[in-house]
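S.K.: These are the residues of each chain, in order.
Protein chains: 2
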Amino acid sequence: MKNPILVPELRDLLSKDKYEIIKNFIEEGHPKEIAEYIALMDPDEIWKILNMAHVSQRAKIFSYLDMDVQVEMVSGERKKTTTELLTEMSPDDRADLFHHLDKHVADRLLVLLPLADRRDILNLTSYKEETAGAIMTTDFSTLNENDTVEQSISKVRKDAPSKETIYYIYVTDNQGKLIGFVSLRKLIMSRPEMRIGDVMKKDVKFTYTNEDRETAARKIEQYDLLALPVVDESVKLVGIVTYDDAMDILKEEQTEDLEKLMAISGGVESGTYLEVHALTHFKKRAFWVIVLGLFGILTGVIIESFRSTLESLLILAFYMPLLNAAGGNTGSQSATVVMRSLTLSELSFRDIFKVIRKEFIISAFLSVCLGFIVFMRVYFFSSSGGVPEGISLTSVSLVISVSLALQVVWSTVFGAVIPLIAQKLRVDPAIVSSPLLTTFVDMGGILIYFGVAKAILGI
Amino acid sequence: MKNPILVPELRDLLSKDKYEIIKNFIEEGHPKEIAEYIALMDPDEIWKILNMAHVSQRAKIFSYLDMDVQVEMVSGERKKTTTELLTEMSPDDRADLFHHLDKHVADRLLVLLPLADRRDILNLTSYKEETAGAIMTTDFSTLNENDTVEQSISKVRKDAPSKETIYYIYVTDNQGKLIGFVSLRKLIMSRPEMRIGDVMKKDVKFTYTNEDRETAARKIEQYDLLALPVVDESVKLVGIVTYDDAMDILKEEQTEDLEKLMAISGGVESGTYLEVHALTHFKKRAFWVIVLGLFGILTGVIIESFRSTLESLLILAFYMPLLNAAGGNTGSQSATVVMRSLTLSELSFRDIFKVIRKEFIISAFLSVCLGFIVFMRVYFFSSSGGVPEGISLTSVSLVISVSLALQVVWSTVFGAVIPLIAQKLRVDPAIVSSPLLTTFVDMGGILIYFGVAKAILGI
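Here the protein sequences line up with chains L and B, keeping their order. Counting in the working numbering, the first sequence runs from 1 upward without gaps. Counting in the working numbering, the second sequence runs from 1 upward without gaps.
Do not rely on the hints blindly, as some may be mistaken.
Just so you know, same-sequence chains aren't split out, so a pair can sit in one copy or run between any two.
Here are the simulated EDC-like cross-link-like pairs (lysine to aspartate or glutamate), alpha carbons at most 20 Å apart as the crow flies [stated by the list, open to error]:
hint: 1; residue 1: Lys219; residue 2: Asp248
hint: 2; residue 1: Lys251; residue 2: Asp117
hint: 3; residue 1: Lys454; residue 2: Glu304
hint: 4; residue 1: Lys32; residue 2: Asp224
hint: 5; residue 1: Lys424; residue 2: Glu221
hint: 6; residue 1: Lys251; residue 2: Glu221
hint: 7; residue 1: Lys32; residue 2: Asp68
hint: 8; residue 1: Lys454; residue 2: Glu389
hint: 9; residue 1: Lys32; residue 2: Glu256
hint: 10; residue 1: Lys32; residue 2: Asp203
hint: 11; residue 1: Lys155; residue 2: Glu214
hint: 12; residue 1: Lys186; residue 2: Glu27
Since the hints were derived computationally from the structure, they do not count as laboratory data.
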């Protein structure tokens, strides 16, 4: 969140050349907080302030700025300061920035950088989006299994200023293949003369560059890791994903899931709710609202085809919203529960029959409750004259309550099965959003309703 | 997730007394994985296997077991091994276990423990659920600002085996008040003779024992921390929350939010979807399904009150599901977006007018799209005889499309405002679930529909 509170003070200090105060402020604070305070200033002002900080703090603050601000700031003509900043940024943040730059800006900046950085950027930006490769960083420490603990500690001490984390250090063989890891805690607890090969853990969790980024982040969460090593096809260590990036990814994926669930299209926007333009919000929501609107019209066509039934028994219209709502609610519930279990890898497609069985039992209970309530309501509290001659109130009550019960069972089981099928077809289960589900359940409900009416009343 | 795959092998090894193989297996593996493998064995078997591991690994594996298994295992008669395990467990996991024990079991176990551990348990279990105090651990390292870096490193080395983390170390004054922190990285990079007071960061993020646990977890996420110190009212350092616990909390809160959103009651169950009994699932879902069913009946009563309008113009019934669906969809969308922004602290109640303005604009666009489509549909594709004598098709088309447009605006704005109001009233915004919202939106929609019909057609 951007915080405008300090902008006037900072401007005032800048105009009065009180650099020492600003310098102290930006050196001491948390880089994220500083970024929030300066986010609303002009790029020129931000540069002025950033340049007062030590280059490592400067790069950290810069990485916490919104992507569009970052892009604007490096697109200008400040060769020297930009190069200095880019060289210092952590490789994953830098690759992310290059992903967002215009091609000609990126090319111009690339030639300013040392060869190693240039290669690193080209390498990291080559991984497909949403993969572990695209989010990993290349600033990691490695050790050799034949080093002693003492040698390793002094290597880590040298690495400390420049590496993303020094708390997990990976052990590679001479070909660079990942063979183990050792934590800094373990290192400082071990006797100085011991071999790394003897203190390291060989059972190291890792991921491949082309694995889904959410899967990688979940591994970090599940095994309480500080970092997860990323390897290529030959198990060569090429990067790491740190826990803080994993938290960000899980947060983004969660927002995406929630939005899909509510039929909102498109990825996560940079910028908060209020910052994003109304038209952008509209675009993200319009597609599904319109598609679902068309389905709604189709539902109307289905009802219209039962026009004569409805004309002779108008009371059915009074309970249509209840039927739709009950179907939508129970279907959304089961879909949500199953989807959540899929996300947390508690369920898979092969459990489909167990799921159907379980949801059938649950919905049978729900059906009995709801069916009973609505039977009572129709049978005892219908206004006189609601039912035409020749049809008994009992049978009308039966039609409505039986339809409701069937609708609940159908919706619940349908809602539970759809995410499983989506997963099997490698479609994101969250796409089967609650509104889309509700629409299908509505249509099914109408058919059930008039079908039951025909069966019981013959109209 | 429990993994039955190794259970037969482990039983076989146990029966053949091949302890070395088991010992090697449980010493080398990740404690969470080992816990998944042995989770489905009997408590006696689990004890036998656990006791082959070194006590620190044993405590870790034990903490990853489901709570009901943990409870069963310590409720037996194994005084010595239980005491050993409880002494070794990390304080937060242990306090959590004691929360779940029967009072007489807890009392019996407490007297077996050393005084310090007993006090620690009584202290940690005294914090209210859902607070930072209830999730913190007391195994943290502290330093004095007058110590040198060299002294501190050797203190950290001594602390390493027993502390939850040694990567963040907090600095306290002589009263135990939190005055700064230093990372192990910084420590090993600093010159040995420097004072801690000169290398520490004074701007340290912290939380209070009675703060909401989600707020604490969000701080860890936002500032990319490894741990967050927890202080009492006098800013005395009393515990820390680590990033891995924060990740677990955010995952639980996310599941809870999602369930509330879909009108599922109750907290997170221990055990996965398939493990939880159908009846438990039923109980969690029934309350809202029934409440919403009653509201659905009420909606029916409202429709019934417009019986004569509906009788004279049956075509209105065909478009009722569309109206309801459009209202539900757009309302859920805006509610979801606003709720998500509230969760991420991007919005607060004082933004309410900005939110209304924004949602009004978005919904106006949506209204125009949907209104146009449905006007075309009714005007050009209505079956002949759908409209009675004396009423023009144009005015009927107008009634339906204007109602739809108004319904979309009302639902969108209503959906966005409700979470803000809930937050203001200190009710969890997620409780205003999508189904509950849909129900209110449905009722409003019916009133709009027949109100517009009356206004335009005079029926």
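S.K.: With reference to the structure, classify each hint as holding or not holding.
M.R.: Here is how each hint holds up against the structure:
no., hint, verdict
1, Lys219 - Asp248, "both (14 Å within a copy, 12 Å between copies)"
2, Lys251 - Asp117, "neither (29 Å within a copy, 36 Å between copies)"
3, Lys454 - Glu304, "within (15 Å within a copy, 22 Å between copies)"
4, Lys32 - Asp224, "between (24 Å within a copy, 9 Å between copies)"
5, Lys424 - Glu221, "neither (24 Å within a copy, 32 Å between copies)"
6, Lys251 - Glu221, "both (12 Å within a copy, 9 Å between copies)"
7, Lys32 - Asp68, "within (16 Å within a copy, 41 Å between copies)"
8, Lys454 - Glu389, "within (17 Å within a copy, 30 Å between copies)"
9, Lys32 - Glu256, "neither (23 Å within a copy, 28 Å between copies)"
10, Lys32 - Asp203, "between (35 Å within a copy, 12 Å between copies)"
11, Lys155 - Glu214, "neither (32 Å within a copy, 38 Å between copies)"
12, Lys186 - Glu27, "between (32 Å within a copy, 15 Å between copies)"
Comparing the model with each numbered hint stated earlier shows that hints 2, 5, 9 and 11 do not hold.
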